[in-house]
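Visitor: These protein sequence lines map, in sequence, to chains A and B.
Counting along the first sequence from 1, when you hit position 156 you're at 309 in the working numbering, and nothing is skipped either side.
Counting along the second sequence from 1, when you hit position 2 you're at 10 in the working numbering, and nothing is skipped either side.
It should be emphasised that the hints constitute simulated quantities derived from the structure, not laboratory data.
Heads up, a few of these hints could be off.
Here are the simulated BS3-like pairs of lysine-lysine, each with C-alpha atoms no more than 25 angstroms apart in a straight line [to be verified]:
| no. | chain 1 | residue 1 | chain 2 | residue 2 |
| --- | --- | --- | --- | --- |
| 1 | A | K245 | A | K256 |
| 2 | A | K272 | A | K245 |
| 3 | B | K118 | A | K314 |
| 4 | B | K59 | A | K314 |
| 5 | A | K156 | B | K59 |
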Amino acid sequence: MNKTSNAYVLVFAVAVCVVMSTALALTANALRPAQEAAAEFDRQKNVMLAAGLIRDGDRRPRAELEQLYAQRVAPRVVDTRTGEVVDGKGPKDVEGLNKAAAKADKADAHRYRTVEIVKDEAGKLAVIVLPISGRGLWSTLYGYLALEADGDHVRGITFYKHGETPGLGGEVENPQWTALWQGKRILGEGGQLESVTVKKGKVDPSRAEEKAHFVDGLSGATITSNGVTEFVRADLRAFQPYLARVTKS
Amino acid sequence: MTATATPPAKTPLFGGDEKKAILDPLWDNNPIALQVLGICSALAVTTRLDKSLVMGAGVVIVCALANVIISCLRNLIPNKIRIIVQLVVVSGVVIVFDQVLKAYMYDLSKQLSVFVGLIITNCIVMGRLEAYAMGNPPWRSLLDGIGNGLGYAWILAVVGAVREIFGAGKLLGVQVIPQALYDGGYVNNGLMVLAPGAFLLLGIIVWVQRAISGYVEK
């Protein structure tokens, strides 16, 4: 066969592509259950990290951590419009609820959201973990913001999925940076929502307002920092009715 | 160097050429120290030993498998599109490796992030395909792939170990520098955590390796 003819080159190229894509599709399919389980475990770990149940670099085996999650953390589906907990629904039903709500009113596409409640050993509400997500520079960031039971002080923050530049915007994962959020307050003196702002530059601790509501910016990642400020504020606003209810009771 | 007078049936399974294929890249013709290839990933993923080891394993596997596949196809691949065919094979193997990492080593996969995908562009892999697998039989290409992968991996492991010990005081996540030293005023070296630290280390390794192996630039 003439190996330099265009026909041969074409046939060979197509054959290589078909064989390769079949092989990749088969592996991706075979590995999907394991990948989804791993991603779900990673999500659970981040909820516990934000809530301070575990520390970064915890070396306990996976089964033990999964058990800890099952014991101490409980998901609640929240109607963000009224702030009420929807009884008898789990995280899996959220998509369906939102679709139904969006049909009635387009603005309601994200009306139902899952909150994770963390109880202390005595079974009392200790931490409320809220999902946060929004645009950074290149990607949508996904994370958790944990609030103390007073619905005001920040317990912790984590980001578990994003596509920001490693070393710049990717530093949102850096434990040294996320530690800066601990103890910040989301409510102002009058009880109104102030949220937490990622500042450009360093926080001046001598000013009470900055000390309570600002964290240091990520150098070289202004757009990611601004994005975090914005979506944290938006998500906190969405959860205000719920937080008001929880803290009152 | 492939042609020998003896008929194929009599060539030993592990003769001089095979030995050379796997041992040469470990020291005398090391891809990082002598050819100075694959430097970018060597700087980026070596902040911790476990990351370096997984990255090294990835390159060994990718290099070996791609070498074997290309070597099997070497008489069929049209010369006009050989580079693109090599690229398709390398990408395929890397994607499979990335998927396996995502399924079974999720944390590490997240930390290595783009750098696993970037094995595709690692000059060592393509270099071996073009320079060796296109002209040698599969068995020897396999050894050559493993040898070059290991030549890259051991340097990564050394850099990773030094950076983790002096940058974080740990090795594989276990504290090795005793608390007593920290109490006495010892601090972790911040330079080791940053890419320039790896750059300096690599330079020293290349220097020491060349001094011992007696390599002279021609």
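Visitor: If a hint holds in the structure, say so; if it does not, say that too.
Guide: Hint check results:
Between K245(A) and K256(A), the direct Cα distance comes to roughly 19 angstroms. Compliance with the 25 angstroms bound is thereby established for this hinted pair. For a cut-off of 25 angstroms, the pair hint linking K272(A) to K245(A) stands: about 22 angstroms separates their Cα positions. The straight-line distance between the Cα atoms of K118(B) and K314(A) is roughly 9 angstroms, inside the 25 angstroms bound, and the hint therefore holds. Using a Cα cut-off of 25 angstroms, the hinted pair K59(B) and K314(A) holds, with the two alpha carbons roughly 19 angstroms apart.
Proposed proximity of K156(A) and K59(B) is contradicted: the alpha carbons are some 43 angstroms apart, above 25 angstroms.
In summary, the structure is inconsistent with hint 5 from the numbered list given earlier, while agreeing with all the others.
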